[in-house]
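> Residues per chain are reported as follows:
Number of protein chains: 2
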Amino acid sequence: MELTQAKQFEIAEVQQWDRWYRANFINSIAGFRAACLVGTVNTQCIPNLSVFSQIVHLGADPALVGLINRPRVATPHTLKNIEESGSFTLQHIPKTLLHKAHQTSAKYADDVSEFSAVGLTPFYIPGIVAPFVKECSIAWAAQLVEIVPITHNNTFLIIGKIQTLLAPETCIQADGFVDISQAESVASVGLDAYYEANLIERIPYAKP
Amino acid sequence: MELTQAKQFEIAEVQQWDRWYRANFINSIAGFRAACLVGTVNTQCIPNLSVFSQIVHLGADPALVGLINRPRVATPHTLKNIEESGSFTLQHIPKTLLHKAHQTSAKYADDVSEFSAVGLTPFYIPGIVAPFVKECSIAWAAQLVEIVPITHNNTFLIIGKIQTLLAPETCIQADGFVDISQAESVASVGLDAYYEANLIERIPYAKP
Chain A
305 MELTQAKQFE IAEVQQWDRW YRANFINSIA GFRAACLVGT VNTQCIPNLS VFSQIVHLGA
365 DPALVGLINR PRVATPHTLK NIEESGSFTL QHIPKTLLHK AHQTSAKYAD DVSEFSAVGL
425 TPFYIPGIVA PFVKECSIAW AAQLVEIVPI THNNTFLIIG KIQTLLAPET CIQADGFVDI
485 SQAESVASVG LDAYYEANLI ERIPYAKP
Chain B
305 MELTQAKQFE IAEVQQWDRW YRANFINSIA GFRAACLVGT VNTQCIPNLS VFSQIVHLGA
365 DPALVGLINR PRVATPHTLK NIEESGSFTL QHIPKTLLHK AHQTSAKYAD DVSEFSAVGL
425 TPFYIPGIVA PFVKECSIAW AAQLVEIVPI THNNTFLIIG KIQTLLAPET CIQADGFVDI
485 SQAESVASVG LDAYYEANLI ERIPYAKP
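Those protein sequence lines, which keep their order, are chains A and B.
Numbering-wise, the working numbering comes out as the position in the first sequence, counting from 1, plus 304.
Numbering-wise, the working numbering comes out as the position in the second sequence, counting from 1, plus 304.
Pulled out of the complex, with its shape left as it was, chain A reads as follows (with noise of 0.2 Å):
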């Protein structure tokens, strides 16, 4: 099928819809993603854990990685816990795992620990203050660099340097790619769709 047999939608269309059904529709769209599991921790060392599908790959040299973090008011605590310790764990999402990992994102109070709600296990790396996931197999970490301030619709991006990576040796081909669909990792669409994904091809470097 082409543009000229698809249906056009003018956003001021959009603007019109139910909430619910304009959210799902520009997110569908916005297309696939990575969804993984922040870990973070309180100043009271209560492990948290939420589930992102916003991760932004930054660049390797210096190794950056971004974060979306939503409006303060709707996701509050993985923000702050990062303002205040510096430190984010990131893992994907293995495919058994899912159902664990999409129920972090419920509001649960301040001093309730996602990974004692929903049963995943803390596992601590010396060096690191957040906490990683202990049956999740993809995981890295990073400490704050900067916030900055979306001002258009009050997101942010979390900027973190990356300072250590996991992953099995298994997955890792011999020019350092990690066929990450060889671990189950998921990926997300819209606000709740999850996906498995099979490798098509790699395509060598393009030239003119």
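Hints were generated in silico from the structure; no laboratory data involved.
Do not take every clue at face value.
Pairs count within a copy or across copies, as identical chains cannot be separated in the list.
What the hints assert, rightly or not - Only pairs whose alpha carbons sit at most 25 Å apart, straight line, appear in this in silico SDA-like list of lysine to any residue:
| hint | residue 1 | residue 2 |
| --- | --- | --- |
| 1 | LYS311 | ASN458 |
| 2 | LYS411 | LEU495 |
| 3 | LYS311 | PRO398 |
| 4 | LYS511 | ARG374 |
| 5 | LYS399 | GLU500 |
| 6 | LYS511 | PRO375 |
| 7 | LYS438 | ILE504 |
| 8 | LYS465 | PRO375 |
| 9 | LYS438 | THR425 |
| 10 | LYS465 | ALA316 |
| 11 | LYS399 | LEU495 |
| 12 | LYS465 | VAL452 |
| 13 | LYS311 | ASP496 |
| 14 | LYS311 | PHE460 |
| 15 | LYS384 | VAL452 |
| 16 | LYS384 | GLU317 |
| 17 | LYS404 | PRO512 |
| 18 | LYS511 | SER409 |
| 19 | LYS411 | LEU401 |
| 20 | LYS438 | GLU473 |
| 21 | LYS384 | THR455 |
| 22 | LYS399 | PRO512 |
| 23 | LYS511 | LEU402 |
| 24 | LYS511 | LEU383 |
| 25 | LYS511 | ALA327 |
| 26 | LYS404 | ASN502 |
| 27 | LYS384 | ARG326 |
Here the structure of chain A is known, so what remains is to put chain B in place on it, guided by the hints.
For chain B alone, coordinates are given in the frame of chain A:
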């Protein structure tokens, strides 16, 4: 497999690696992302097309989309065109167009249109300066709102206000969710890997 069985790589070690090995490794751990064709036009009205894998959904109300643009020396055309025209389009890459889409990443000269070079057709919609890709089926267009420099590695977050969205009606579900796998949209990982994705499930809104 659990994290305790994964291999841990400290960033100090990763920094010693060969440039491509490191880029492959860190990029693929960043996870699945959307693979999109970004259409722009220069002041001489030559259309430009470039594959982007850093699309950021910033919000549905106001409807905002973000693009991470590499340092200016690495990918000058798209950024310059957006600065000058204030307009860009994004389109999902269907599996059938994968090779043509990837080929747009080659460094063509200023006066070469990637549309002609790779064999795709520019398609214009009244009111939008930037070209769409006729052969795609899911697309949207945005007007530049702000370019946020990310000073730590000279990349840029380009923020645009969504103006119009196009999708096949057959992919739009009753609650506004668009099942993009039905349109054969591909996901990408790392620098050069493309994936097809199948819906596992949609999980209802989580409550404590």
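> For each hint given before, does the structure comply? Return the numbers of the non-compliant ones in rising order.
Violated hints (numbers, rising): 1, 14, 16, 27; every other hint is consistent with the structure.
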